[in-house]
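A.B. asks: Respectively, the protein sequence lines represent chains A and B.
Here the working numbering runs 707 ahead of the position in the first sequence, where the first position is 1.
Here the working numbering runs 707 ahead of the position in the second sequence, where the first position is 1.
It is possible that part of the hints are untrue.
Any copy will do: because identical chains look the same in the list, a pair fits if it lies in one copy or spans two.
[Unchecked claim] Under the rule of at most 27 Å between Cα atoms (straight-line distance), these lysine-lysine pairs were calculated in the DSS-like manner:
{"no.": "1", "residue 1": "K771", "residue 2": "K825"}
{"no.": "2", "residue 1": "K821", "residue 2": "K836"}
{"no.": "3", "residue 1": "K710", "residue 2": "K741"}
{"no.": "4", "residue 1": "K825", "residue 2": "K730"}
{"no.": "5", "residue 1": "K713", "residue 2": "K746"}
{"no.": "6", "residue 1": "K828", "residue 2": "K710"}
{"no.": "7", "residue 1": "K821", "residue 2": "K713"}
{"no.": "8", "residue 1": "K828", "residue 2": "K867"}
{"no.": "9", "residue 1": "K732", "residue 2": "K828"}
{"no.": "10", "residue 1": "K866", "residue 2": "K730"}
{"no.": "11", "residue 1": "K847", "residue 2": "K712"}
{"no.": "12", "residue 1": "K712", "residue 2": "K866"}
{"no.": "13", "residue 1": "K730", "residue 2": "K713"}
Bear in mind the hints are in silico, worked out from the structure with no lab data behind them.
2 protein chains.
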Amino acid sequence: MDKLKKILIDLIQLTEEEWDIIKEKLNRQEYTAKSTIIKEGRIADCIYFIEKGLLRTYYLRDGKEISTYFACDEQFITSYSSFISQTSSLEYLETIENSIVYSISFATMMELYKIASKFEKLGRLLAEKNYLCVIERTRKMQTLTAKQKYLDFIDSYNKKIVQRVPQHQIASYLGIAPESLSRVRKELSIS
Amino acid sequence: MDKLKKILIDLIQLTEEEWDIIKEKLNRQEYTAKSTIIKEGRIADCIYFIEKGLLRTYYLRDGKEISTYFACDEQFITSYSSFISQTSSLEYLETIENSIVYSISFATMMELYKIASKFEKLGRLLAEKNYLCVIERTRKMQTLTAKQKYLDFIDSYNKKIVQRVPQHQIASYLGIAPESLSRVRKELSIS
DNA sequence: ATAATTTATTGATTTCGATTAATAAGAAGC
DNA sequence: GCTTCTTATTAATCGAAATCAATAAATTAT
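Make the full structure from the sequences, and use the hints.
C.D. replies: Dropping the structure here:
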């Protein structure tokens, strides 16, 4: 929980008193690997801070899983569009590995927003960070070849993610077929 | 300017007093068609509310323009990543038609954020709206065929945008070659 | 109005990565 | 341990859209 505190101090200059408010609202949860936390069609009512573990979001396209996001230790994750719009989720949130998370509900966030503008700022910064992340991804998706996407992926993403996320999930995240990723990797290991 | 006032009342329940604060900070600007407002490499120091007109953002890829966003009357536009991160812009902002905009500088936004949490909320809502917009776009880019993208475009976007944005700019926005868009349109007009 | 430039159309060809299919390698379960 | 299921590799074929090339149509400038 201290990790989250540190991050919040960094991000919004949280005071001890403010931490005490937020601390009470956090809900610690443990999940085994491959647990589904948010299902498609349901509204994401929490945002999760990852104490430890590895999670992803994905959606189904013609029965196939398309991964949209990976996150591990000390990051936030949820079905963010569903969370902010409080409409039913198009995607699933699931653990890849055993994970420990702290959840904050949407209702709590709304309360916090009312309590202090600092929390509103937290909401803004989260949204902005997510925006920057997805806009970068969009651009890369549009301009890079399969090989370039993979090279970019391995050097921009957390080592833990690169090493522990199954290859076919990375492929779907990059918008390429698993067979294509396999070929790209083969090509790269030769040269 | 009244249009903006209405939108802000709607969005963040702006009071008359708050409007008076913000009103003073707005800068009215007129641009002729094809004026560049933000250049690649420069930091976007304003966000623009469009009173009237049509604008787009785009970037260059191998010398070719890739449009990333179109906006017209009563919408906000800027090089948003650059604006929120205050880092140099990867894209250009330019008018497609003669336009009248009201600009608010980054410094002003920061001031406003300090004045009242309501402005911080405005910042959050803008970021969230932009997030939702780009995440939807990303998904469509990844799952739809050229034809589906175009059909989706013409029925989700403002008529003004569909009718007045040059076809090759729409093509680049959809991530397809102008020749392909031409063929898609031909096919659609036959059936 | 006419020339120059930009934008759109059409056809031929190529290409990157998808799909299909089969096998191999790993991991999980009994 | 062996079986089953999942994941990854490899090869052959296919296809949607890109590219290349030429022309036509529409704007813009002179």
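A.B. asks: Against this structure, judge whether each hint is valid.
C.D. replies: These are the hints, each one checked on the structure:
no.	hint	verdict
1	K771 / K825	neither (41 Å within a copy, 42 Å between copies)
2	K821 / K836	both (22 Å within a copy, 20 Å between copies)
3	K710 / K741	within (24 Å within a copy, 49 Å between copies)
4	K825 / K730	both (15 Å within a copy, 24 Å between copies)
5	K713 / K746	neither (30 Å within a copy, 37 Å between copies)
6	K828 / K710	both (19 Å within a copy, 26 Å between copies)
7	K821 / K713	both (22 Å within a copy, 23 Å between copies)
8	K828 / K867	neither (30 Å within a copy, 35 Å between copies)
9	K732 / K828	both (18 Å within a copy, 21 Å between copies)
10	K866 / K730	neither (30 Å within a copy, 48 Å between copies)
11	K847 / K712	neither (33 Å within a copy, 37 Å between copies)
12	K712 / K866	within (24 Å within a copy, 48 Å between copies)
13	K730 / K713	within (12 Å within a copy, 38 Å between copies)
In this structure, the hints that do not hold are numbers 1, 5, 8, 10, 11, in rising order.
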